[in-house]
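*Asks:* Now for the letters of each chain:
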Amino acid sequence: MQFRVRDDGASVHVALEGQLNFAANEDFQVLLGQLASHKNKKVVFDMTGLSHIDSVGLGLLYIAREDMAEGGASIVLAHPRDNVLRMLQLTEAHKTFEIQR
Amino acid sequence: MIDPLGGRLIKLPGRNAGWGGDQILKQSSFLPQLTVWRQNKDRLQVLLVEDEPGDARLVEFALRMSSSPIFEVTHVSSLGAAVACIESGAEVDVILLDLSLPDSSGISTVSRMQEAAPKTPLVIMTGMDDPRFAAYALEVGAQDYLIKSDDPEKTVSRAIRYAISRMASQIERQVLIERISEQQRHLIEEVAAARRMQFDLLPRSERVDPRLAEMAIEVEAFFEPSSGIGGDLWGCLDCGENRMSFYSFDFSGHGIGAALNVFRLHALISDHWDPRLKPGFMLKILGMALRGLLGRGQFATMFLCTIDTARGEIEWASAGAPAPLLLHKGEFRLLDATGVPLGLSRTPEYSEHREEFPPGASLLMYSDAITDALVSDDQTFGEDGLCALVRDILAKTGELSVGQLIEGLDSRVRTPLEDDLTAVCIRRLGGRP
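Here the protein sequences come in this chain order: U and Z. Going by the UniProt record's numbering, the residue at position 5 of the first sequence is 5; the numbering climbs one at a time, nothing skipped. Going by the UniProt record's numbering, the residue at position 244 of the second sequence is 244; the numbering climbs one at a time, nothing skipped.
One chain only, chain U, in its complex shape:
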């Protein structure tokens, strides 16, 4: 998984690419470290470039949400596609995250 972080003042955009799975764990922890400084902002995870998410990856999103919530930030999952979208639907992620199609 690769990511790019862009802060436009009002919100933070994180473009995720590749696969969000067990192998992405370390990169994702680095990402969480970077996001820790953006308190009280909306963090948008752009999932356009994400080809796959597995159960570990889903767990990472929930960890991110927990961490962000502590800093007063909220998470939006934007543009999930194909089986990433399917995984979010199957696990009713909309009950926890704001999802933008």
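No false leads were slipped in.
As a list, the in silico DMTMM-like pairs of lysine to aspartate or glutamate whose alpha-carbon atoms are at most 25 Å apart:
{"no.": "1", "chain 1": "U", "residue 1": "Lys95", "chain 2": "U", "residue 2": "Asp67"}
{"no.": "2", "chain 1": "U", "residue 1": "Lys39", "chain 2": "U", "residue 2": "Glu98"}
{"no.": "3", "chain 1": "Z", "residue 1": "Lys329", "chain 2": "Z", "residue 2": "Glu399"}
{"no.": "4", "chain 1": "U", "residue 1": "Lys95", "chain 2": "Z", "residue 2": "Asp336"}
{"no.": "5", "chain 1": "Z", "residue 1": "Lys329", "chain 2": "Z", "residue 2": "Glu214"}
{"no.": "6", "chain 1": "Z", "residue 1": "Lys154", "chain 2": "Z", "residue 2": "Glu52"}
{"no.": "7", "chain 1": "Z", "residue 1": "Lys154", "chain 2": "Z", "residue 2": "Glu72"}
{"no.": "8", "chain 1": "U", "residue 1": "Lys95", "chain 2": "Z", "residue 2": "Glu315"}
{"no.": "9", "chain 1": "U", "residue 1": "Lys95", "chain 2": "Z", "residue 2": "Glu383"}
{"no.": "10", "chain 1": "Z", "residue 1": "Lys119", "chain 2": "Z", "residue 2": "Glu91"}
{"no.": "11", "chain 1": "U", "residue 1": "Lys95", "chain 2": "U", "residue 2": "Glu17"}
{"no.": "12", "chain 1": "U", "residue 1": "Lys95", "chain 2": "Z", "residue 2": "Glu352"}
{"no.": "13", "chain 1": "Z", "residue 1": "Lys329", "chain 2": "Z", "residue 2": "Glu355"}
{"no.": "14", "chain 1": "U", "residue 1": "Lys95", "chain 2": "U", "residue 2": "Asp46"}
{"no.": "15", "chain 1": "U", "residue 1": "Lys95", "chain 2": "Z", "residue 2": "Glu349"}
No wet-lab data here; the hints were simulated from the structure.
Assemble the complex: chain U is given as a structure, and chain Z must be docked to it using the hints.
*Replies:* Same frame as chain U, but now just chain Z:
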């Protein structure tokens, strides 16, 4: 009401702070019992095995020149005498060995000396200035060599020190290898025992067969943890009369952590199971119970259904499990399996579903190892791949079997699979499949 005297749980720290490589290295028994590891010793006992009095004198003189360390030399002039010296229990830190002795010559001198003193560093002294011979002597077990024509004053002391430290490293490495393989054997035994325990959680034929026979239900199951033990499980629960419940669940991640969570959820199911409860309400109870137990980012997906053969119905609820397939009359479709996985929500709610499940119908529950299996670097098998496979099997045989499913999966995805694999097919016998 808190008692004024108070009360609390006191957790004493364990005496084994951790279990891992560091711990292994700290164990005193680990430290190799090195008779040779005396780098800082100020006196070193040298056994000089040399039959040429002139050569022996040169070496002894060279060693006498050294004051740090001081070399104390015992000189013998045959291999037999050298072996007798070792066997008498004399303290020897290093052996300087000439290869051409009255009672032995050549490389066999090295092996015979080694046999007598396998852990004592050995420096070969040779008149032959042949690098290939020297390399061979090192290969068969000597720690260093000296060419007799070299100036012994300069080289002998260095060769001895080098040989001692080289031997110490060799012994240390050997002890490490033995310790590591012992730990590995131990770990494999532990995992094998845990694996047997996990397989013991699965339904047993002798218990469920009489009930399945009464209800004319056939269950075909495949269960394979990816790394010895894993985070999957399936089971069945007797509701009495014409009803039987089935479940499968899968914890995020795999390996030992996920397997421990399997035991947790299995125990929770046993504690909370009530055949009168609807599947969705049962999942809610399990989700709330798990919520406080799991670590960050951990959860389980679960599918729970009850088959009622008298009413010809199946009712189910799902906590984000891979959508099971309902098959009947050569057709099939994915069931609605949406729901928040267990452990991720404090107040989970699950929809109850109900469908007809007449004789001839069957249900396939499976873990995401199937849909997450890779067909290429960036493409997973997915629900599309599974549906295509099931379609092909039905076209060929008219009925879905788990054996064919696993076989077909193996031929279409990259193996071995990286996740724990469960596939369970529940069939109502009678009627057309």
